[in-house]
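Engineer: Line order of the protein sequences matches chains W and G. Residues 1 to 178, numbered by our numbering, are exactly what the first sequence covers, in order. Residues 1 to 120, numbered by our numbering, are exactly what the second sequence covers, in order.
Be careful, since some hints might not be right.
[To be verified] Below, a list of computed lysine to any residue pairs in the SDA-like style, where the Cα atoms sit at most 25 Å apart: (1) Lys90(G) / Thr43(G); (2) Lys110(W) / Ser10(G); (3) Lys110(W) / Lys156(W); (4) Lys2(G) / Asp176(W); (5) Lys2(G) / Tyr90(W); (6) Lys115(W) / Asp176(W); (7) Lys2(G) / Gly173(W); (8) Lys110(W) / Ala96(G); (9) Lys2(G) / Asp83(W); (10) Lys69(W) / Thr44(G); (11) Lys69(W) / Glu22(G); (12) Lys110(W) / Glu22(G); (13) Lys4(W) / Val131(W); (14) Lys74(G) / Ala96(G); (15) Lys2(G) / Val175(W); (16) Lys110(W) / His99(W); (17) Lys156(W) / Thr12(G); (18) Lys69(W) / Glu30(G); (19) Lys2(G) / Gln94(W); (20) Lys117(G) / Lys156(W); (21) Lys115(W) / Ser174(W); (22) Lys69(W) / Ala11(G); (23) Lys2(G) / Gln68(W); (24) Lys90(G) / His171(W); (25) Lys74(G) / Glu32(G); (26) Lys117(G) / Tyr90(W); (27) Lys2(G) / Ala96(G); (28) Lys74(G) / Arg40(G); (29) Lys110(W) / Ser86(G); (30) Lys156(W) / Val24(W).
The hints are simulated quantities; they were obtained by calculation from the structure and are not laboratory data.
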Amino acid sequence: MEEKASRATGATDAAHAASLLVTVAATLNERLALTAEELARSQVLLREASAELMTAFRGAADRIVEAQKDEAAQPASRAPDYDVVLDHLYRAVQHLQSHDLVNQLIDAQKMRVDKMREKLGEAISLAGPPVADPGRPEQWIERSRAMLDCIVAGIKQIDEEARQPVAGKKHAGSVDLF
Amino acid sequence: MKTILAVDDSATMREMVAFVLESAGYRVIEAEDGAQGLDRATTTSCDLVITDQNMPNMDGLTLVRSLRELRDYKSVPILLLTTESSDAMKAQGRAAGATGWLVKPFDPATLLEVVQKVLR
């Protein structure tokens, strides 16, 4: 009789723990959905800014390349401000690359968030079907373990698969000739 | 005029590389992944190949290995221009037959120096 009561309490506690886990996973998933939205919005803004910058850059770059071709044909034809403009464009090249690399970084972060959301969704769906025997704590514990396994697999997956595209500052621009 | 093949899946990056090289008098042809790069390299004779590493269809290291199998590209310099900066990746690049490894974002003046050096 005592053992039966103890198992019933154990089952209630285990069911409560499983339910808490679902709440935590669902809350985390909602927060990640907001993060995904903000990342997407940031990327749109960055893309628009990059596109405008690239248009401005192209206008000047095309002229410089044309001037270079003219100079190759007639060496004395170089405009006096050619080198100054080229220097400015070279500086722009470095910063425009950063725009592109930040875009890739946002892509990688979006992928991490999406993968984690997918796994959290899977974990939550495990809590959907009713347990066969709600009075047995083992069933609730098994369910919680399966959900945790799913979440841990999500964390592992984002660590293994998501790439970090932007090189560390100390390596950026480095050259190795073999 | 020397011809350089620039391979990168980022259109912005290809444009940056092409501008810097063209402004220095090189002719540049572009490809958006390793597979297209290999195709371009076999239809056009290139004096230098500059390739990214992480690309769809065929990555940079596979492109280097594939090019080194071609008779015309046994001794053509091939540079990796990538965000990858680990020693392990560089070692793989060297083993694949790459001539050098540059980490993005690149400095235009440095890129031109390296290009002049490997084309000498």
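Engineer: Has the given pair, Lys110(W) with Ser86(G), been kept, meaning a C-alpha gap of at most 25 Å?
Structural biologist: Answer holds: Lys110(W) to Ser86(G) is near 23 Å, not above 25 Å.
Engineer: CA of Lys110(W) to CA of Glu22(G), is that 25 Å or under?
Structural biologist: violated, 35 Å
Engineer: Take the C-alpha atoms of Lys90(G) and Thr43(G), compute the straight-line distance between them, and say whether it is at most 25 Å.
Structural biologist: violated, 28 Å
Engineer: Is it true that the CA of Lys2(G) sits at most 25 Å from the CA of Val175(W)?
Structural biologist: Distance of about 22 Å is within 25 Å: holds.
Engineer: Check the hint pairing Lys69(W) with Ala11(G) against an upper bound of 25 Å on the C-alpha distance.
Structural biologist: holds, 23 Å
Engineer: Given the proposed pairing of Lys74(G) with Arg40(G), does the C-alpha separation stay at or below 25 Å?
Structural biologist: holds, 16 Å
Engineer: Would you check the hint for Lys156(W) and Thr12(G), treating anything up to 25 Å between C-alpha atoms as holding?
Structural biologist: violated, 32 Å
Engineer: Straight-line Cα separation of Lys110(W) and Ala96(G) no greater than 25 Å?
Structural biologist: violated, 32 Å
Engineer: Would the pair Lys110(W) and Ser10(G) pass a check requiring their Cα atoms to be no farther apart than 25 Å?
Structural biologist: Holds. Lys110(W) to Ser10(G) sits at ~18 Å (cutoff 25 Å).
Engineer: Between Lys4(W) and Val131(W), does the CA-CA distance stay at or below 25 Å?
Structural biologist: holds, 19 Å
Engineer: Within 25 Å, alpha carbon to alpha carbon, are Lys115(W) and Asp176(W)?
Structural biologist: The given pair, whose Cα atoms are some 35 Å apart, is violated under the 25 Å limit.
Engineer: Check the hint pairing Lys2(G) with Gln94(W) against an upper bound of 25 Å on the C-alpha distance.
Structural biologist: holds, 24 Å
Hints 1, 6, 8, 12, 17, 20, 21 from the list above are not met by this structure, while the remaining hints are.
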